[in-house]
Amino acid sequence: MTTALLTDITIFVLALLVGFEVISKVPATLHTPLMSAANSIHGIILVGAMLIAATANNALGYVLAFVAAAFAAMNVVGGYVVTGRMLKMFRRRPAPAPASEPGKASAAGQTAAANGSGSRA
Amino acid sequence: MSTFNWIIQLVYVAAASCFVLGLHLMNTPATARRGNQLSTGGMVAAIAATLAIIIHAGTISATGWIVMLAGGLLGGGAGLYAARTVQMTAMPQLVSIFNAVGGGAAALVAIHDYINLAGRAAGPAESITITTLLDVLIGAVTFSGSIIAAGKLQGLISAAPVTFPGSRVINMAAAAIAAAASVYLIVTPSVPMLLVVIAAALVFGVTMVLPIGGADMPVVISLLNAFTGTAVAMAGFVIGNWALIIAGALVGASGGILTKLMADAMNRSLGNIMIGGFGTGDGGAAAALGPGGDVRSIAADDAAIQLAYAQKVIIVPGYGLAAAQAQHAVAELAGVLEERGIEVSYAIHPVAGRMPGHMNVLLAEANVPYPLLKEMDEINPEFPRADVALVIGANDVTNPAARRAGTAISGMPILDVDHAKSIIVIKRSMASGYAGIDNELYVNPKTSMFFGDAKTALTELTAAVKTLVA
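First to last, the sequence lines map onto chains H and R.
My numbering numbers the first residue of the first sequence as 16 and each following residue consecutively.
My numbering numbers the first residue of the second sequence as 92 and each following residue consecutively.
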């Protein structure tokens with residue numbers, strides 16, 4: 016067991032704990048964008064793909080590097096764009112027709128009629 | 092360590108910090124976009140630092156550059172096209188594909204590393220082999236499993252649990268072969284044996300996901316997402332890069348949390364899921380006969396009267412709503428009701444869609460403001476105050492039988508729809524849901540059934556409300 020491995024394990028465990036802490040605060044509303052953002056983040060494997068492209072010296076190495084780079088880049092770009100696309104849809108108020116104001120006013124007097132009225136077939 | 096290496100390592104630390112802060116900003120919809128941009132900024136920095144390493148080392152061949160750029164452009168272009176054109180209903184498939192390629196890339200990095208090392212005289216040190224093995228195993232399982240999951244979600248493979256004689260045996264055999272070959276590899280470096288590990292892991296991934304039913308997909312996608320993160324972290328161990336370790340751990344944590352949330356929402360234990368207790372759909376063929384009691388059906392006009400004269404309406408959307416592409420229709424009905432001053436909110440069960448948070452995205456796309464989208468714990472106390480609960484395409488998650496012991500869904504957290512003053516259920520037929528049991532909500536005296544396709548029914552309902560209040 017080397018010191019380097021021990022350091023790596025320490026970083027891994029601490030990052031896991033930070034991840035649990037940070038991500039448990041993400042509301043359920045955003046869980047789908049969270050997953051696609053995670054897709055983009057694990058695209059960091061592109062770094063690994065680039066490094067193997069730099070050390071490859073035979074046909075097999077180049078094929079592996081090519082496929083890995085393509086896969087990883089798909090994650091980085093696709094994850095980022097689709098997350099942005101989804102998040103743009105989350106609005107506090109409806110965008111085009113701001114007319115509807117969920118309010119208190121009108122319906123108060125009429126509701127008595129609503130319940131238990133002869134509305135069942 | 093040279094100054095150059097110092098700077099590079101600091102850039103990687105900065106990139107990892109951007110990922111953490113980016114995920115932190117996702118804690119509210121208002122800041123989430125900035126979070127996404129920040130973590131992508133970190134990604135760009137990490138890629139730039141890696142380019143700097145490669146140029147600084149100067150050992151890369153011209154072919155290496157071409158391979159890297161061509162791969163990056165091709166993959167990036169494919170990702171961009173998919174991200175721009177995907178329908179929101181197809182988001183689970185896309186995330187599955189992204190999980191697949193992420194796991195695949197991580198496995199390839201480890202495979203390349205191993206072949207390179209094994210080519211040299213001494214053979215890899217033992218510790219390298221273990222992380223390499225984990226990377227290859229997890230990456231390959233994620234790759235094949237996610238492709239099957241995407242196929243099921245897309246409808247290319249039957250969404251129902253697919254089992255054939257011996258499927259469980261093949262699954263177990265694949266696991267055993269992968270384990271045995273891995274042990275052999277730790278002792279004796281051997282490239283052919285690595286191929287055996289890869290093949291066994293791929294088979295395991297396929298046979299793990301095939302028997303899982305469609306409604307269990309939220310758990311599966313989350314689990315595979317966690318696997319991808321772990322595989323990437325293992326790749327970080329293999330090539331000695333902290334940015335990969337941290338990013339992978341963050342994704343692993345994210346997938347892990349979501350898996351737990353989804354499993355809890357379906358009342359399954361994590362252990363149960365890992366071992367393969369998936370797909371309750373095949374068990375016990377349902378409690379055949381109905382519980383008795385009358386089912387009332389209701390016409391559009393009468394349902395419209397109930398809705399139009401309510402003060403508070405809670406809409407309970409389920410996967411049936413998404414399957415019928417009725418998100419926009421329900422948003423339109425809600426708009427008409429809100430114009431009358433009726434308080435409308437949406438009760439979203441954690442497994443309402445085919446992946447975590449799916450229903451929220453579908454409704455956000457239909458222009459429903461996010462403050463109206465309520466989580467289960469938040470909305471449940473509000474049901475007693477609701478004049479009408481409008482259930483659309485949701486079944487098991489509204490079944491009060493879950494509160495009793497001894498049913499297929501006992502203990503599953505449900506939406507307290509039966510506490511509302513009256514209930515309207517839009518449904519195509521009396522067919523039972525995924526759990527295969529009858530829904531006691533439908534024979535509740537407060538419940539009226541509006542039979543029909545969700546989209547058609549909602550359009551009729553909206554028209555009826557409009558004429559009523561005109």
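Each hint should be verified, as a subset may be incorrect.
[Stated by the list, open to error] With the C-beta cut set under 10 Å, the calculated list includes, among others, these residues of chain R facing chain H:
{"no.": "1", "residue": "R124"}
{"no.": "2", "residue": "G155"}
{"no.": "3", "residue": "W156"}
{"no.": "4", "residue": "R175"}
{"no.": "5", "residue": "F189"}
{"no.": "6", "residue": "M263"}
{"no.": "7", "residue": "A267"}
{"no.": "8", "residue": "A290"}
{"no.": "9", "residue": "L349"}
{"no.": "10", "residue": "S520"}
Just so you know, these hints were derived from the structure itself, not from any lab.
Even for Gly, the Cβ is constructed at its ideal location relative to N, Cα and C.
We went through each hint and held it up to the structure:
Because the beta carbon of R124 (chain R) sits about 5 Å from the nearest beta carbon in chain H, less than 10 Å, this interface hint is met. For G155 (chain R), the interface hint holds, since its Cβ comes within 10 Å of a Cβ in chain H; the closest pair sits about 5 Å apart. Proximity of W156 (chain R) to chain H holds as hinted, the smallest CB-CB distance being about 8 Å (cut-off 10 Å). Interface restraint check: R175 (chain R) against chain H, minimum CB-CB distance 6 Å, threshold 10 Å, status holds.
With a least beta-carbon distance of about 4 Å to chain H, the hint placing F189 (chain R) at the interface is held under the 10 Å criterion. With a least beta-carbon distance of about 29 Å to chain H, the hint placing M263 (chain R) at the interface is violated under the 10 Å criterion. With its C-beta approaching chain H no nearer than about 27 Å, A267 (chain R) sits outside the 10 Å limit, and its interface hint is violated. Violation of the interface hint for A290 (chain R) is found here, the shortest Cβ-Cβ separation to chain H being roughly 16 Å, above the 10 Å cut-off.
Residue-level restraint check for L349 (chain R) holds (minimum Cβ-Cβ distance to chain H is 6 Å; threshold 10 Å). At about 17 Å, the closest approach between the beta carbon of S520 (chain R) and any beta carbon in chain H exceeds 10 Å, and the interface hint on this residue is violated.
Of the numbered hints given earlier, the model fails hints 6, 7, 8 and 10; all others are met.
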